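Student: From first to last, the protein sequence lines stand for chains A and B.
For reference, each letter of the first sequence is one residue, going 19 to 247 in my numbering.
For reference, each letter of the second sequence is one residue, going 19 to 247 in my numbering.
Everything labelled a hint here was simulated from the structure, so no lab data went into it.
On a predicted model such as this, the values are computed, not experimentally measured, just so you know.
Every residue, glycine too, gets a C-beta built ideally from N, C-alpha and C.
Check each hint, because a few of them may be wrong.
Which residues of chain A face chain B? A few of them, derived with a C-beta cut under 10 Å, are [claimed, not checked]: (1) Asp-83; (2) Phe-87; (3) Phe-123; (4) Glu-157; (5) Thr-164; (6) Leu-168; (7) Ala-169; (8) Thr-181; (9) Pro-185; (10) Leu-189.
Here are the simulated DSSO-like cross-link-like pairs (lysine-lysine), alpha carbons at most 30 Å apart as the crow flies [to be verified]: (11) A:Lys-100 / B:Lys-171; (12) A:Lys-171 / B:Lys-240; (13) A:Lys-217 / B:Lys-171; (14) A:Lys-196 / A:Lys-100; (15) B:Lys-81 / A:Lys-81.
The residues making up each chain are set out below.
There are 2 protein chains.
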Amino acid sequence: MRKKAVVLLSGGLDSTTILAYAKSQGFDLYALSFFYGQRHKFELEASKKVAQQFGVVDHKIVKIDLRAFGGSALTAEIEVPKGRTEKEMEGEIPITYVPARNTIFLSFALAFAEVNKSNDIFIGVNAVDYSGYPDCRPEYIAAYQTMANLATKTGVEDSNNLTIHTPLIDLKKSEIIKMGIDLGVDYAITSTCYDPNKKGLPCGICDSCVLRLKGFEELGMKDPAEYQS
Amino acid sequence: MRKKAVVLLSGGLDSTTILAYAKSQGFDLYALSFFYGQRHKFELEASKKVAQQFGVVDHKIVKIDLRAFGGSALTAEIEVPKGRTEKEMEGEIPITYVPARNTIFLSFALAFAEVNKSNDIFIGVNAVDYSGYPDCRPEYIAAYQTMANLATKTGVEDSNNLTIHTPLIDLKKSEIIKMGIDLGVDYAITSTCYDPNKKGLPCGICDSCVLRLKGFEELGMKDPAEYQS
Numbered sequence: 019m020r021k022k023a024v025v026l027l028s029g030g031l032d033s034t035t036i037l038a039y040a041k042s043q044g045f046d047l048y049a050l051s052f053f054y055g056q057r058h059k060f061e062l063e064a065s066k067k068v069a070q071q072f073g074v075v076d077h078k079i080v081k082i083d084l085r086a087f088g089g090s091a092l093t094a095e096i097e098v099p100k101g102r103t104e105k106e107m108e109g110e111i112p113i114t115y116v117p118a119r120n121t122i123f124l125s126f127a128l129a130f131a132e133v134n135k136s137n138d139i140f141i142g143v144n145a146v147d148y149s150g151y152p153d154c155r156p157e158y159i160a161a162y163q164t165m166a167n168l169a170t171k172t173g174v175e176d177s178n179n180l181t182i183h184t185p186l187i188d189l190k191k192s193e194i195i196k197m198g199i200d201l202g203v204d205y206a207i208t209s210t211c212y213d214p215n216k217k218g219l220p221c222g223i224c225d226s227c228v229l230r231l232k233g234f235e236e237l238g239m240k241d242p243a244e245y246q247s
Numbered sequence: 019m020r021k022k023a024v025v026l027l028s029g030g031l032d033s034t035t036i037l038a039y040a041k042s043q044g045f046d047l048y049a050l051s052f053f054y055g056q057r058h059k060f061e062l063e064a065s066k067k068v069a070q071q072f073g074v075v076d077h078k079i080v081k082i083d084l085r086a087f088g089g090s091a092l093t094a095e096i097e098v099p100k101g102r103t104e105k106e107m108e109g110e111i112p113i114t115y116v117p118a119r120n121t122i123f124l125s126f127a128l129a130f131a132e133v134n135k136s137n138d139i140f141i142g143v144n145a146v147d148y149s150g151y152p153d154c155r156p157e158y159i160a161a162y163q164t165m166a167n168l169a170t171k172t173g174v175e176d177s178n179n180l181t182i183h184t185p186l187i188d189l190k191k192s193e194i195i196k197m198g199i200d201l202g203v204d205y206a207i208t209s210t211c212y213d214p215n216k217k218g219l220p221c222g223i224c225d226s227c228v229l230r231l232k233g234f235e236e237l238g239m240k241d242p243a244e245y246q247s
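Please put together the full structure from these sequences, using the hints given.
Tutor: Following this line, the structure appears as structure tokens:
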């Protein structure tokens, strides 16, 4: 029987790459996306295209209300920072950090995994480019895995069953793009921008766009996505 | 400055008791409830009454879609077991177990706590009457706390800040009721039943009702709640 993996899929560059990676490792794919009041809901449209392209068995989009709590530029009426260099992004927790977001996302992934009897969850966290996000650190992921193995029916029967895979955690953006291209990812359909325009076109100047564009640049490539002109 | 606590409040007997307990410990109360497609949505009405009675600072009801995954009698079209004795409930994970429910609830509580700068989360889990639920065990709660302290901004600044309080974890139902009565809880307005009728009246024969009624009986008391006749 083929193994099943739950993959957290935003439709962005990182999560699309891990979907391709999980597929290359022989998993049947169960993709999980969220509508959480994010400004950049175009990424959900991207996630549907990506899920279809990779032939996922099931793609669930769960609506959750993170706006109830506020506290982030991605969900509240706080301005998304623009035009910052990579240097300027360093050493602080960005305003685009959503409180406990990865913890909430992983918890839904855990429920999905338990219901469909999967022992593997993939998440595209990255400790290099997102060093300011507490819930992207390896020690956080390790602690989550320990907790998750105690949280579920599966854990009662065998407490070392569940693995949280973070294949991108130590990679630079250019290395992630390289991995994805080798795995056949079409980055033209992925959506990265924190603040796209009404047509869904990325701004090119938010932190997320800046990191993405720099990644392609380092590979001597042009980002195939269409940007606002 | 007074301390703030996030209290997971279903409106049932256990969570109402911990709300009273947290108040007695001098915390300002931030209650958090969920509408998660549960059959027993009358408990949300109960949670509002309870929150008002205890003068909470804020009561958020977050809508989340656990039905997306199914897998439990509380959210899917599976029959709620009725008429079982306590003995018959032992030694198995009940069909009323909702996959990863406490993990999901605690994750939202963590987001709420991070936004309102609270270091204390209260959850009414119980390892005695709910011994079959993996996410009610002390080792699970301990692992959750370790993870939570790595998950947030607060955790980056001080990794031993957050405490998950489980004041009921080792108590029998009758001991919980005794605690609540000493703290002035009016159990008439709490809602416990997994499968109430259209008026919200409890059935008296599901596992949850059976444990509650037995708790009052052991104290030589009559449950003040109105049941289906």
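Student: Compare the structure with each hint and give your call.
Tutor: Here's how the hints hold up against the structure:
1. Asp-83: holds, 5 Å
2. Phe-87: holds, 5 Å
3. Phe-123: holds, 9 Å
4. Glu-157: holds, 6 Å
5. Thr-164: holds, 5 Å
6. Leu-168: holds, 4 Å
7. Ala-169: holds, 5 Å
8. Thr-181: At 15 Å from the nearest chain B Cβ, Thr-181 of chain A fails the 10 Å test, so the hint is violated.
9. Pro-185: violated, 20 Å
10. Leu-189: violated, 21 Å
11. A:Lys-100 / B:Lys-171: Holds, because 22 Å separates the two Cα atoms, which is no more than 30 Å.
12. A:Lys-171 / B:Lys-240: violated, 35 Å
13. A:Lys-217 / B:Lys-171: Violated, at about 34 Å.
14. A:Lys-196 / A:Lys-100: Holds. Lys-196 of chain A to Lys-100 of chain A sits at ~26 Å (cutoff 30 Å).
15. B:Lys-81 / A:Lys-81: Given that 30 Å is the threshold and the Cα spacing comes to 8 Å, the pair holds.
In summary, the numbered hints that this structure violates are 8, 9, 10, 12, 13.
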